[in-house]
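Letter by letter, the chains look like this.
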Amino acid sequence: MTLKPQRHVLVVFPHPDDEAFSSAGVIRLYRNMGVPVTYACLTLGEMGRNLGNPPFATRESLPEIRRKELQEACKVMGIEDLRMMGFRDKTIEFEDDEKMVKLVQDLISELNPSLIITFLPNYSVHPDHEATGRAVVEAVRRMPKDERPTVYGVGFANNTIAEKGEPDVIIDITTVKEDKLKALLAHNSQTTWMVEENQKRIDEGQPMSDSWFHYEKFYTISFVD
Amino acid sequence: MRMKEVDVLELQKLIDSFANKDVYIHLETTNGSYATHYNEQFFNASAFIRNAKIRYEHGKVINDNPHRVGLKLENGWVYAQGITHYELDEQGRLLMAGLNHEGKLAIALEISETPFT
Chain A
5 MTLKPQRHVL
15 VVFPHPDDEA
25 FSSAGVIRLY
35 RNMGVPVTYA
45 CLTLGEMGRN
55 LGNPPFATRE
65 SLPEIRRKEL
75 QEACKVMGIE
85 DLRMMGFRDK
95 TIEFEDDEKM
105 VKLVQDLISE
115 LNPSLIITFL
125 PNYSVHPDHE
135 ATGRAVVEAV
145 RRMPKDERPT
155 VYGVGFANNT
165 IAEKGEPDVI
175 IDITTVKEDK
185 LKALLAHNSQ
195 TTWMVEENQK
205 RIDEGQPMSD
215 SWFHYEKFYT
225 ISFVD
Chain B
79 MRMKEVDVLE
89 LQKLIDSFAN
99 KDVYIHLETT
109 NGSYATHYNE
119 QFFNASAFIR
129 NAKIRYEHGK
139 VINDNPHRVG
149 LKLENGWVYA
159 QGITHYELDE
169 QGRLLMAGLN
179 HEGKLAIALE
189 ISETPFT
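Sequences listed follow chains A and B, in order. Take the position in the first sequence, starting the count at 1, then add 4; the result is the number in the working numbering. Take the position in the second sequence, starting the count at 1, then add 78; the result is the number in the working numbering.
Quick caveat, the hints were computed from the structure, so don't treat them as lab data. Heads up, some of the hints might be wrong.
[What the hints assert, rightly or not] Not the full set, but computed from the structure, chain B residues with beta-carbon under 10 Å of chain A:
| # | residue |
| --- | --- |
| 1 | Q119 |
| 2 | F121 |
| 3 | L183 |
[Claimed, not checked] Ranges of calculated distance between the beta carbons of each label pair, as one might list FRET restraints:
| # | chain 1 | residue 1 | chain 2 | residue 2 | range |
| --- | --- | --- | --- | --- | --- |
| 4 | A | F227 | B | A113 | 30 to 36 Å |
| 5 | A | D229 | B | T114 | 30 to 36 Å |
| 6 | B | A130 | A | P9 | 30 to 36 Å |
| 7 | B | A97 | A | M89 | 34 to 40 Å |
[What the hints assert, rightly or not] Derived SDA-like pairs (lysine to any residue); straight-line CA-CA distance at most 25 Å:
| # | chain 1 | residue 1 | chain 2 | residue 2 |
| --- | --- | --- | --- | --- |
| 8 | B | K182 | B | E135 |
| 9 | B | K82 | A | F60 |
| 10 | A | K72 | B | T195 |
| 11 | A | K72 | B | Q119 |
| 12 | A | K103 | B | R128 |
| 13 | A | K168 | B | Y112 |
| 14 | A | K72 | B | K91 |
| 15 | B | K138 | A | K103 |
| 16 | A | K72 | B | Q169 |
| 17 | A | K204 | B | S111 |
| 18 | A | K72 | B | K138 |
| 19 | B | K82 | A | G56 |
| 20 | B | K91 | A | P58 |
| 21 | A | K221 | B | K182 |
| 22 | A | K204 | B | Q119 |
| 23 | A | K168 | B | S111 |
| 24 | A | K221 | B | K82 |
Ideal Cβ positions, reconstructed from N, Cα and C, are used throughout, including at glycine.
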């Protein structure tokens with residue numbers, strides 16, 4: 005499946021690295037096509053658990069580390085418009101729901117994106133992911149039907165395929181897989197353990213790399229009027 | 079400075095230095111938000127409080143591994159189990175953490191005379 009041309013792509017995720025895992029390839033491909041990409045990253049992943057043992061960071065120094073990692077990852081993906089929205093990790097679902105919808109509405113009216121990439125509500129595991137996807141879907145749902153951008157949702161809950169079937173958007177990112185790897189590695193505090201985990205999975209015969217570095221998959225979100 | 083493994087005598091002195099003062103605490107336990115994703119049988123419970131203002135009359139670190147730290151308040155208690163590392167950071171805040179064998183944070187107890195940002 006080839007990428008559909010876009011006017012502007014808006015990416016909305018809560019944590020630095022969500023974009024790299026799910027969409028770095030697609031983002032890089034769009035940037036290579038000259039499509040502007042804005043990334044609204046809601047938190048700095050302040051509650052990330054990986055501090056190392058022996059530790060490389062503290063609970064209090066982690067946010068600054070992750071801010072720099074996010075900026076570096078954006079460079080690799082070619083994102084020139086990074087918005088760090090200043091929310092706190094693991095608190096998005098407790099924010100005022102209308103405030104979150106308004107935040108997305110404001111981004112949409114400013115940027116007029118033709119595609120938004122976010123998490124797929126009910127199938128995105130982490131409470132921040134769910135709250136982010138919900139806010140995006142609700143903001144777009146409230147738009148006039150003919151003005152709505154396309155919304156791609158990332159779903160990876162264990163029951164996703166059983167309940168939703170295979171994703172309808174499957175993008176071959178093989179040509180930019182090196183860039184995706186670099187984006188993931190830019191999130192060094194988050195991905196060092198992952199490299200080890202991956203080795204374990206390879207040993208168990210279930211490497212993650214295949215799915216991550218060849219295809220990125222999304223569900224086009226449909227709106228019921 | 080990096081967090082280092084608990085030295086009971088030194089940590090006890092640091093805990094003492096915040097006693098009988100109004101201090102802000104950060105207390106957090108966590109299994110990670112993906113615990114149930116990886117193991118559906120896992121019952122994921124945790125707690126988080128940041129910038130609660132307390133005053134403790136004394137505090138104690140117990141010499142066990144991992145360590146327990148308890149703070150006795152005028153009308154109550156704060157405690158944390160599983161503390162392995164600590165540092166007094168450049169802002170004079172006492173940061174204690176419990177890091178598991180994979181280097182993932184399981185618990186944090188932090189004490190500061192000024193609010194955490």
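Each hint tested on the structure:
no. : hint                          : verdict
1   : Q119                          : 12 Å, violated
2   : F121                          : 16 Å, violated
3   : L183                          : 5 Å, holds
4   : F227/A <-> A113/B: 30 to 36 Å : 33 Å, holds
5   : D229/A <-> T114/B: 30 to 36 Å : 34 Å, holds
6   : A130/B <-> P9/A: 30 to 36 Å   : 52 Å, violated
7   : A97/B <-> M89/A: 34 to 40 Å   : 39 Å, holds
8   : K182/B <-> E135/B             : 31 Å, violated
9   : K82/B <-> F60/A               : 10 Å, holds
10  : K72/A <-> T195/B              : 18 Å, holds
11  : K72/A <-> Q119/B              : 36 Å, violated
12  : K103/A <-> R128/B             : 22 Å, holds
13  : K168/A <-> Y112/B             : 21 Å, holds
14  : K72/A <-> K91/B               : 35 Å, violated
15  : K138/B <-> K103/A             : 43 Å, violated
16  : K72/A <-> Q169/B              : 21 Å, holds
17  : K204/A <-> S111/B             : 21 Å, holds
18  : K72/A <-> K138/B              : 37 Å, violated
19  : K82/B <-> G56/A               : 11 Å, holds
20  : K91/B <-> P58/A               : 23 Å, holds
21  : K221/A <-> K182/B             : 29 Å, violated
22  : K204/A <-> Q119/B             : 22 Å, holds
23  : K168/A <-> S111/B             : 22 Å, holds
24  : K221/A <-> K82/B              : 42 Å, violated
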